[in-house]
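Number of protein chains: 2
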Amino acid sequence: MSEITTPSVDPQKQPEDAARHRRPGRRGAERQRARSPGSRYAKLANTLARTEILPPEALEDIHQASLTVLEEVGMDIILPEARERMKTAGADVTPGEQRVRFDRGLILEMIASAPSSFTMFARNPARNVEIGGNNLVFAQVASAPFVTDRDGGRRVGNREDFRKLVKLAQHYDVIHTTGGYPVEPVDIHASVRHLDCLSDLVKFTDKVFHCYSLGKQRNLDALEIARIGRGISVEQMEREPSLFTVINSSSPLRLDGPMLQGIIEMSSRNQVVIMTPFTLAGAMAPVTIAGALVQQNAEALCGIAFTQMVRKGAPVMYGGFTSNVDMKTGAPAFGTPEYMKAVIAGGQLARKYGVPYRTSNTNAANTLDAQAAYESMMSLWALTQGGGNFVLHAAGWTEGGLTASFEKFILDVDMLQMVAEFLSPLDVSADALALEAVRDVGPGGHYFGTAHTLARYENAFYSPILSDWRNFETWTEAGRPTTYDHANRVFKQALTAYEQPPLDPAIEEELDSFVARRKAEGGVPTDF
Amino acid sequence: MSEITTPSVDPQKQPEDAARHRRPGRRGAERQRARSPGSRYAKLANTLARTEILPPEALEDIHQASLTVLEEVGMDIILPEARERMKTAGADVTPGEQRVRFDRGLILEMIASAPSSFTMFARNPARNVEIGGNNLVFAQVASAPFVTDRDGGRRVGNREDFRKLVKLAQHYDVIHTTGGYPVEPVDIHASVRHLDCLSDLVKFTDKVFHCYSLGKQRNLDALEIARIGRGISVEQMEREPSLFTVINSSSPLRLDGPMLQGIIEMSSRNQVVIMTPFTLAGAMAPVTIAGALVQQNAEALCGIAFTQMVRKGAPVMYGGFTSNVDMKTGAPAFGTPEYMKAVIAGGQLARKYGVPYRTSNTNAANTLDAQAAYESMMSLWALTQGGGNFVLHAAGWTEGGLTASFEKFILDVDMLQMVAEFLSPLDVSADALALEAVRDVGPGGHYFGTAHTLARYENAFYSPILSDWRNFETWTEAGRPTTYDHANRVFKQALTAYEQPPLDPAIEEELDSFVARRKAEGGVPTDF
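Chains L and P, in that order, give the protein sequences. Under the UniProt record's numbering, think of the first position of the first sequence as 1, with each following residue one higher. Under the UniProt record's numbering, think of the first position of the second sequence as 1, with each following residue one higher.
There may be inaccurate statements among the hints.
The list treats identical chains as one, so a pair stands whether inside a single copy or across any two.
Heads up, simulated DSS-like pairs for lysine-lysine below, C-alpha to C-alpha not over 30 angstroms straight-line [said to hold, decoys possible]: (1) 492 <-> 328; (2) 216 <-> 519; (3) 43 <-> 328.
Because the hints were derived from the structure by calculation, they are not lab data.
Whenever a hint applies, use it, and build me the whole structure from the sequences.
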């Protein structure tokens, strides 16, 4: 089911050590947990048949209804330059008015030129990621205002925690890209925050990163930092998408100026736009999931079409983020049955348009309890079966996105790795069918210690990071640790084991020099 | 996707109360949590396309390999009467030897007469369950030696806890049947335990129940108690399966005497047999999942074929219970990626044979932490996508089946209800598409309080039992409760809200009289 190939092997363990290893002390287990997971999860593919919950006629109904919305209601486009470009492309623009309406033919013509797959290039080519098709790419949590770990409690985001979370994203191969600022470091002045953060992302990871579209200059700085980080020319970067931005519509039916500017700056340079309406059913979208999907689709199609008006063939993803609110409190809910339906239906829509599909690993839990796990696992279920290609907030997102959690990061890494293992092919070779082993053991025997078992047991099964499978008595003697306890220990071990990826000194100097110059210039205006 | 029809409505809430209800106190929420969920989950259907991880040729390879095992290696059949019946049917039986071999043609001929679907009849006809096809039926935890709740801790099973768990199974409609003794009440003497327990199952629930196949007399007593409970004749009961038994092979490749006797007693009377090999890869089955599936399939086909040798057309299910062990400790693991693969592949095998598929909701957690939730949710993911028809241990199973947990029972009920909601059809009517509402609100507005929202918000979304969606500050003021805390409170509320189902006094008298007579006779021998 996947391109997973080389299982990581611990050379210290040999089959003949089996008996000795049957009850390892905690130190052995911890050593294993702290080690880098190798390349097993660096590239993932999901070849499962996609689950579909919309019959073809329902899919068509949502499609047509969203086109009707764009044609008859239209969107508010809060940037004159964007309205000009839309008018040039054939949209219905009235001078002096923000409302823009789009003929359905225009929308369909525009989205047809969006590529169905593309590569995002990292400064380390081994970290390049393929977007679209059967590829499954995980990005860490982004944009949380708060950060938490059990020792320090919940606190406002800061650069130290920002860096730690970025290091964790680098440490685990199942995290394929960062995804924005994992936590907002408010101890850096907003005028220069993007310079420091993007510089950190280049230095502490060698993976693809994201830039916020919060004004043209931030986009331009990010583009330059990404170019410097890869050590390439402007022309090469224009051929090789190396930076991505998430564009959220201001639902319902509005695209704000900085977001539109972000599309213009990024798409015109062939960089990646992830067009994601945030359509909470019952709040900023109709209370019905079908209605929220109509609105999501209208907003997504409008944004995707605009990327193609800016530059035909520019790489873009269809982002789905429809969930429901708690109708008793108005609070957003995530990882719910309704969220699952929206994720799977969103995948059907994205495939209909041949555009890669961005999803998320969500939950609304306030702590690392069962709720955090079941809401996340329901999200992973839906995005796996629904054919998500790129998963933002894949690790560390909690409390509905308000908080980045160190412990949740580890829990998510474990769950993502389990999804990857589930998607890996089931070996059904003659050897795996084990007819000879069955003959040898026969009725009434057992398979512990047989040749067939000894030759395979080391890598036969996924060895989870957190699951505590000790028997109740042993677990009680150990102080009855929960998943939360294990995750708390493991994230610190991972930070200790973190290795900074090498960076050409010339590139580092150029980067530092650029950041220093831009800081000296005052960064960006912050009169917001 | 489901036959879910009537949403439960709380008549105390009206749309105009919306504002007042936006921040309910805990008492309101608790009242809602404690109430019986009505009939919304009484009948479930899963119309999702099944996920397949075995390509057709791999499915055929496993099928053929398992037939080769039965033909060349055979099974040890530890009951002379069973070997006689097998010999009569055409199996290769050598007088004085336990080993029996089966021609593949014989196996295929026998399983062809197993029905693809059937009804199990409860004493309350509204609780009848349809087995097979798209039907999804949940049974509670069974056979745990220990029981736990947070107040009382982990303790050996007893009748008081047995009764409480049975009451919880009755209370929630998403639990469609009981599934054996939820916990083994060791304070009842083994010679009469089945009489007291089965009598309790008739009195405290009106749902279908299970009997253990631990010797012929226990089966006969259970058959009589099921007949009395329904108030029907022996003949009617023979037309209407009203009792089920789980038959486990003693893997590898052995069927013990009491299990074989159970098949004979149950199948000959047209009652339901769930044939479930317990094939732990790396322990009692080959270390490869494909090899374990070969062995599972061989054992399942042997047992299913035997039911049809006893009585053509007798109702039987294909049980899948292949998981892996922790190769470091030998401990069984559940809800793992390997378990998911085995569950989905097992569904492909069961469908190949046209026999309803029994699965389980498993985990190996020692407490109600994130692990308990993610392992269970991975089990539910696999059995839903894999087409499980009947789910044993659906609620309350923890610690690899060693312990029945009151809190886990509630967590599972919530997760089962979320699966049911996920499987319910997505309304894509013109009304749900909400084009008029989108027109009315337009760009930049919101949907709180619109007519479209007010008309639907009460039942628009699933209202979870346990998920705590309060914001961090409110949740902190409330003492930062976890899922475990909520589940602890809810199970007690459910027990308080439990209502004993009515039972015809004549039936109760007949039941009591039968139990008293059988006790006076000494119950069953316990010289084991």
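Can you give the numbers of the hints that this structure goes against, from lowest to highest? none
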